[in-house]
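Asker: Each chain, letter by letter, is given below.
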Amino acid sequence: MIFLRFTRYFLFFALAPITLKASDTLFIAADYQAGSNNVLQVFKASVYISNLTFYREGKIIGEKSTPRLLHLVDGKQMLHVIPSRADAFSFTLGIDSSIQVKGALSGALDPVHGFYWTWQSGYIHSKIEAKLQDAEGMEKEIIWHIGGYQTPYNSIRSSLLNIQPGNANLILNLDALFNSEFVSKNPTVMSPGKAACSISDLIIKQFSIQQ
Amino acid sequence: MTKLVLAGLLIVLVTGTNYQFSRPEHFPQPVYNFSENPLSEAKINLGRALFYDNILSVDSSVSCASCHSVYNSFAHTDHARSHGIQDRIGKRNAPALINLAWQPLFMWDGAVNHLDVQSLAPLTHPDEMGNNLNTLLARLRQSTLYPALFNSAYGDTSISSERFLKSIAQFMLTLVSANSKYDRVKRSETTFSVQEKKGYSLFKKHCNTCHREPLFSDYSFRNNGLPLNPDLNDSGRVAISLNPEDRFRFKVPTLRNLEYSYPYMHDGRFTRLSQVLKHYAIPGGNPGVTDAALASGIYLSDEDKTDLIAFLLTLNDSSFVFNPSFGYPFTVFSTVKP
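Protein sequences, first through last, are from chains A and B.
Residue 129 in this note's numbering is what sits at position 129 of the first sequence, and the numbering runs on without skipping anything.
Residue 7 in this note's numbering is what sits at position 7 of the second sequence, and the numbering runs on without skipping anything.
Just chain A, with the same shape it has in the complex (with noise of 0.2 angstroms):
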C-alpha cells in the first residue's frame, strides 16, 4: 500500500522538443498517479474524440472530423499534427447526433468495439472503470460508460484550448475526476441521463494542454 500510495505512474512520456515546424503534433494521454489520491487502479480510460479543428486568430486553418476511438490506458497517442502556426484547437468529446442516427457503422464505429449499446441506440463516449480507495481505506469500484445524444440529455461536450508552437499533449486529468465529489454519489453510471451528462461536464473540464 506504501509503495501504491508514493509511487507516481504517468501515462504520458516526456514531451519531444519545442519545434516551429508544421510537422508539430498533438498527442492525447491520461494522467493518473496510482497509491496518490486513492486511485488503486484504472482498468479503462477510453474516449471517442471528434471534430478535431485548429484555429489561427480565430480561423479555422484545419480540421478533421471522423471519430476515433482512443484507449488511453494504452499510454500517449497522436491525435493530429498541428498546422503550422496554429494558436487554439477545439474537440468533441463524443460522436455527432447526426452520425448515431446512421444505423450500422464500421472502423471506428463499428458495434465490435463495445462502446455501441445494444439496449439503446447510441454510442458510449467515455468509458472510465477503475479501483479507488476511500479515507477509511475501503475499496470502491467506479464504473462509468458516459453517453447519450438526443435531448435533453445529450451528453456530447466539447473544449477550446489554446496551443502554443511546439508539440502538445492533450491530458485527461483522471485524479481531479476521481477526487470529485461526484464519485461518491455516483459510483455506477451505465446509461444516459442527468448523471451522465453530469460527468461528461466533469470530463470536459479535465482536458487540459500540456506542453
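Calculated from the structure, these hints are not laboratory results.
These numbers were taken from a predicted model, which means no experiment stands behind them.
Among the clues, some could well be false.
Partial pick of chain B residues on the chain A-facing surface, computed with a CB cut under 8 angstroms [stated by the list, open to error]:
| # | residue |
| --- | --- |
| 1 | Asn113 |
| 2 | Leu145 |
| 3 | Ala148 |
| 4 | Ser158 |
| 5 | Ser160 |
| 6 | Val238 |
| 7 | Leu300 |
Okay, derived cross-link-like pairs now, DSS-like style, lysine-lysine, Cα gap no bigger than 30 angstroms in a straight line [as the list claims (entries may be wrong)]:
| # | chain 1 | residue 1 | chain 2 | residue 2 |
| --- | --- | --- | --- | --- |
| 8 | A | Lys102 | B | Lys91 |
| 9 | A | Lys205 | A | Lys76 |
| 10 | A | Lys102 | A | Lys64 |
| 11 | A | Lys194 | B | Lys91 |
| 12 | B | Lys181 | B | Lys204 |
| 13 | A | Lys59 | A | Lys140 |
Beta-carbon label-pair distances, calculated as ranges [claimed, not checked]:
| # | chain 1 | residue 1 | chain 2 | residue 2 | range |
| --- | --- | --- | --- | --- | --- |
| 14 | B | Asp218 | A | Trp119 | 21 to 29 angstroms |
| 15 | B | Gly297 | A | Ile60 | 53 to 61 angstroms |
| 16 | A | Lys205 | B | Thr17 | 51 to 59 angstroms |
| 17 | B | Arg272 | A | Trp119 | 26 to 34 angstroms |
| 18 | A | Thr151 | B | Pro227 | 26 to 34 angstroms |
| 19 | B | Ser35 | A | Gly75 | 39 to 47 angstroms |
| 20 | B | Ser318 | A | Gly193 | 55 to 63 angstroms |
| 21 | A | Asp87 | B | Phe34 | 42 to 50 angstroms |
| 22 | A | Phe43 | B | Leu232 | 31 to 39 angstroms |
Ideal Cβ positions, reconstructed from N, Cα and C, are used throughout, including at glycine.
With chain A fixed as given, assemble chain B onto it according to the hints.
Answerer: Showing chain B alone in chain A's frame:
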C-alpha cells in the same frame, strides 16, 4: 466448432443483382434511406439465411425466426412473451415484422433508432439470444456457409458487423405486406362487404387517429390505459426517453395481419380481438388512459364490435404469410458438433 452441413440451399447466389424495392402506390414514402444500404438479391438472401440460422444465439438454439415466424406475420403466436435461449422469457410480446421501411423507431419503447442496428438488441439480450457480436462474427467466419454467401453479396469473403447487420436489415426491408383485401379495395380490385364497410366507418371514427391508414400505425407512443402488470413492472418509453410523460406509453402497433399475429398488446395479455375491443370500448373512458385520443372513451355496440372486427380481418394478407421468398431458406439443414 460447429460445422454446418447444407445438402441443399434454395438461395440463389447472384452477386450484384439489384433488388428494386417497390413502394405500394397507396403507401407514403419509406423513412429508410435505401441509398446508404442499396438492396441486392444476394444481400437479401444472405440476410434471410442469417435470419433463419440458430448460429446467431450463444448456444445455437434459437434464430430470429424462432420468435418471428413468417406464418404469424413474423410475430410469435401462442406466446404472450417469447422464450429465448434456455427457455428464458422476456417481458414483451414479439411484434410483427412488416413494413419496417416505414418505421422511424423500433421496439415497443422506441429504443432502437435504425433498422440496421435493431438486430443487436435480441442478439445480445440475455433472455433472447445471449450472444455478443465478436463471438458471432468469429463463428460466421469459421462456418462452411457464410464466407461464400458474404462473397456473393459483397464481392469478397470479409465478414464484418456492418455487412452482417445491413444484410439482415435488407431481408427485413423486403417484408412488405400490402396485399390484404383492404389493399385490393384501395386498388379498386374488389369491394368491401356491407358489414366490412360499416366496420371501416367505425374504424375511421374511432381507431384511425393512432392506427393510421395505410400502415395502420402512426408509430407514436401512447398510454392506452392498460393496467400495469406488477410482475413485469414495465413502464414503457419513459425508460428510454426519461420523460415522465412517457410513463406507460408504448408504440402503437400496426393492425395489419392481426389474425396471424396474436396475442395482442406489448405484453401479449389479450389473445382475442374481442378482448382488445372490450378494453377500448368503455363508455366515458378507461380510467388508466392518459392519451387524449381515448380520453372520452369509445362506445361500441355489440353489432359495432362485430362490424369492426369484420373490417379488421380485411387487413389480413395471406399472400404475405405464405410468400415462399420469406420462408425457411434451407431444404436440408443439420448441425454436426464433433
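Asker: Next step is simple, just say for each hint if it's right about the structure.
Answerer: Structure-based check of all given hints:
Here the hint on asparagine 113 of chain B is kept, as its CB sits about 4 angstroms from the closest CB of chain A, short of 8 angstroms. Annotation: interface hint on leucine 145 of chain B violated; nearest CB of chain A at approximately 21 angstroms, more than 8 angstroms. Hint on alanine 148 of chain B is violated. Least Cβ distance to chain A is approximately 21 angstroms, over the 8 angstroms limit. For serine 158 of chain B, the interface hint is violated, the least distance from its beta-carbon to any beta-carbon of chain A being 11 angstroms, above 8 angstroms.
A cut of 8 angstroms between beta carbons decides the hint on serine 160 of chain B: the least distance to chain A is about 6 angstroms, and the hint holds. Because the beta carbon of valine 238 of chain B sits about 11 angstroms from the nearest beta carbon in chain A, more than 8 angstroms, this interface hint is broken. Hint on leucine 300 of chain B is violated. Least Cβ distance to chain A is approximately 37 angstroms, over the 8 angstroms limit. With a C-alpha separation of about 28 angstroms, the suggested pairing of lysine 102 of chain A with lysine 91 of chain B holds against the 30 angstroms cut-off.
Taken as a hint, the lysine 205 of chain A and lysine 76 of chain A pair is honoured in the structure, with Cα atoms around 19 angstroms apart against an allowance of 30 angstroms. With a C-alpha separation of about 19 angstroms, the suggested pair lysine 102 of chain A and lysine 64 of chain A falls inside the 30 angstroms cut-off, and the hint holds. Annotation: proposed proximity of lysine 194 of chain A to lysine 91 of chain B holds, straight-line Cα distance about 26 angstroms (limit 30 angstroms). About 17 angstroms separates the Cα atoms of lysine 181 of chain B and lysine 204 of chain B, which keeps this hinted pair within 30 angstroms; it holds.
Pair hint lysine 59 of chain A plus lysine 140 of chain A does not hold up; C-alpha atoms about 46 angstroms apart against a cutoff of 30 angstroms. The beta-carbon spacing between aspartate 218 of chain B and tryptophan 119 of chain A, approximately 25 angstroms, falls within the hinted interval of 21 to 29 angstroms. The hint said 53 to 61 angstroms for the Cβ distance between glycine 297 of chain B and isoleucine 60 of chain A, and at roughly 59 angstroms that hint holds. Between lysine 205 of chain A and threonine 17 of chain B the Cβ separation comes to about 54 angstroms, which falls inside the hinted range of 51 to 59 angstroms.
At about 32 angstroms, the beta-carbon gap between arginine 272 of chain B and tryptophan 119 of chain A stays in the expected band of 26 to 34 angstroms. Taking 26 to 34 angstroms as the suggested C-beta distance range, the pair threonine 151 of chain A and proline 227 of chain B conforms, at roughly 31 angstroms. Between serine 35 of chain B and glycine 75 of chain A the beta carbon distance is about 41 angstroms. The supplied range of 39 to 47 angstroms therefore holds. A beta carbon spacing of about 45 angstroms between serine 318 of chain B and glycine 193 of chain A contradicts the range 55 to 63 angstroms that was offered as a hint.
Evaluation of the 42 to 50 angstroms hint for aspartate 87 of chain A and phenylalanine 34 of chain B yields a pass: the beta carbon distance comes to about 45 angstroms. For phenylalanine 43 of chain A and leucine 232 of chain B, the hinted distance range of 31 to 39 angstroms is satisfied, since their beta carbons lie about 35 angstroms from each other.
Consistency with the previously given hints fails for numbers 2, 3, 4, 6, 7, 13, 20, ordered from lowest to highest.
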